[in-house]
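Chemist: Each chain, letter by letter, is given below.
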Amino acid sequence: MPVTVQLPNVLAKLTDGQRTVEATGDTVGDLVTALSRQFPELEARLRDRRGQPYEFVAFYLNDADIRLNGGFDTAVRDGDELVIVPSVAGG
Amino acid sequence: MTAPRIEAHRLRCRACGADYDAQALAICENCIGPLEPVYSDRRTRPDRATIARRPPSLWRYREWLPLNGEPVYSTETGFTPLIESPSLARTLGAGRLWIKNDSVSHPSLSFKDRVVAVALNAAAALDLDTVGCASTGNLANAVAAQAARAGLPAWVFIPEDLELAKVIGTAVYGARVVRVRGTYDDVNRLCAQVADRNNWGIVNVNLRSYYGEGSKTVAFEIAEQLGWRLPTAVVAPMAGGSLLTKLHKGFREFLADEIVAGGIPRMYGAQAAGCAPIVRLVEKGEGRIEPVVPDTIARSLAIGSPADGGYAARVIRETGGWAAAVSDADIVTGITLLAEHTGVFTETAGGVTVAGARALAMTGRLTAADEVVLCITGNGLKTAEVVQDQIESLPVIAPSLREVSDLLDWAAAPAA
Ligand SMILES: Cc1ncc(COP(=O)(O)O)c(C=O)c1O
Ligand SMILES: [Zn+2]
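Line by line, the protein sequences give chains P and S.
If you're matching positions, the first sequence starts at 1 in this note's numbering and goes up one per residue.
If you're matching positions, the second sequence starts at 1 in this note's numbering and goes up one per residue.
Just chain P, same shape as in the assembly (with noise of 0.2 Å):
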C-alpha cells in the first residue's frame, strides 16, 4: 500500500534531496524498514538499535501522533501521509 512520506530538511539531504517520498507496508514499522532500504543513510535517523523510533524525530500519521496511537505497529492504509519532524523543535 503506497503511503506518501513527508520528510523535514534535516533529513532530505539523505534522500537525494527528495522531501515527499512515497514507501509501501502495513504499518508505519513497514514504511521505516521500505524507507530504510531504499535509503540507507535515513535508518539511523528514523530507529534506534532497539526498533524505537529515533529519539530526535516525531511520527505523525494522518496529522496523529503515532506515540498515541501503537507506535510503529501504527495501522497505515493506501493514500495515508506519514508526517516526520524533528521532535525538538517548539513546545
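Treat the hints as calculated values from the structure; they're not laboratory data.
Idealized CB from N, CA, C, for every residue including glycine.
Among these hints, one or two may not hold up.
[To be verified] Chain P stretches covered by chain S per the calculated footprint, using a threshold of three residues with CB under 8 Å from any CB of chain S:
id, stretch
1, 2 to 10
2, 52 to 66
3, 76 to 86
[To be verified] Calculated from the model, a selection of chain S residues having no Cβ within reach of chain P, i.e. all distances over 12 Å:
id, residue
4, D127
5, A148
6, A150
7, D185
8, C191
9, A256
Starting from the structure of chain P, add chain S with the ligands where the hints point.
Modeler: Coordinates of chain S with the ligands only, in the frame set by chain P:
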C-alpha cells in the same frame, strides 16, 4: 537597512557536539538533536555591583544571554518584582516563601516576554524580517506585542479554542493570527513544517536555541533580588519543560561564575493532572516521555508532547526535587489562595504552581527549613473565566444607603 550592531552566538549540538555558525537553526543537521548557544569562557563577566548599576531589565544580565552588542528590541522587559509572603509561607508550612511575579511582565503580562525579547533580538542579528510562533496563548501575546513594537510582521499559530483574552490579546496588535483546529501539539507540528519552508524566525522552533536562554533571567533576578543568594527550593509550572530546565541552567551559571555561592536549589515542577507527562516521567524515574492528549483548564500548560520534558525530568531528579500533578479544582484554589494571601491575581499556570507547592508541602517535600520561590508566570485577567463563579455570590443592590446598612447588618450577623 543599516547592518545590525547585534550579533548572535554560535551554536553547538547538545547531543553530538557538532558546531554551527550563528543561524536560525535549532536542530543539528547531523543527529537532529537540540542546539545550544556557545558562550566563550574568555568573555568578561560583570560583578554584582556592575550588574546592580544597570537599568532594571533582563539585559542587565546580557553576558549570560546569547547575543553580543546592544539589544535593539524590547529593551525594557524583565526585572519583575520578587515578593515575600509570610502568610502564604505559614499556610503552606514553608520557612520563608517568595513569589517571582511575572504576572506583571512588560509588555504582555507573562514570563514569555523574556524569551521573546531574546528571540526578537536574535532575529535582528540574523537579519530575519518576519517572526512567528506556535503558542498555547502567552507566547502568542508576547510575540504579537513585541513584534508590533519592533515593526516586524508576525505569524502566530494557536489552537482555535484558547481563552478569549489570549486570542484578543494577540489579534489586537495586528499580528497574523492563525487559529488551528487541533491541540497545541498539532499546532506545534504544523509550525515545524512551516519553519522548514520559510525563512521566518519562528521563535520557539528555529530560533528556539536563542529563545530558551531568556528564561534563565528569572533565575538571575531571583538570585539578585534575594540579596545575591539562592533559595533552597524553586517551584515552576511546566508545559514544554523549557522554563524549569533554563531556571536550573541560570542558577548553575551564577554559581559557576561566582556571582552567588552555595548549593543549587531543589527544582520542583508542577503540571495539571489532565496534562502531566513530565510529572509521570519524574515518577517513573527513567525512560522517555509518553505523550498525552491534554484535558485541563490550564490551557497555557497543555502540551501533551513536551519538547524539553526529558531534560526537565532529569533536572528535577538530579537536584533532589520532585514533581506534582494537580486537579483543575486545585488549580482554582491555587489562584484564589495566591490572590488572598499576596494580592496577586495569576492565571491557571500560576494556580498550578501554588497548588503544586501545596501538594509538595503536604507530602513533606517542602518544609519549615526551606526558603521557597514560586514562579508565578502569568496574569489572572487572561484566564478570568475559571474563577467567574466568584461573582455569583456577590450582592446586587439599589443605590440606597438602607440596602448598604442591611448588608452590613447581614455581614455582622452570626452565621446561621
Ligand atoms: C504562563 C506560563 N507559565 C509556564 C509555561 C511553561 O513554560 P515551558 O513550556 O517553558 O515549560 C507557559 C508555557 O506556555 C506559560 O504560558
Ligand atoms: Zn548533533
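Chemist: So, for every hint listed, does it hold in this structure?
Modeler: Against the structure, the hints:
1. 2 to 10: Our answer is that it holds, as 4 residues pass the Cβ test (under 8 Å) against chain S, meeting three.
2. 52 to 66: It holds: at least three residues are needed, and the stretch 52 to 66 of chain P offers 8 whose Cβ sits within less than 8 Å of chain S.
3. 76 to 86: Since 3 is at least three, the answer is holds.
4. D127: holds (20 Å)
5. A148: Label holds. Min Cβ-Cβ 23 Å, cutoff 12 Å.
6. A150: Consistent with the label, S:A150 stays out of reach of chain P, its closest Cβ about 22 Å off (over 12 Å).
7. D185: Its Cβ does come within 12 Å of chain P, the nearest being 7 Å, so this is violated.
8. C191: violated (6 Å)
9. A256: Answer for S:A256: holds, closest chain P Cβ roughly 25 Å.
Violated hints, in rising order: 7, 8; the structure is consistent with all others.
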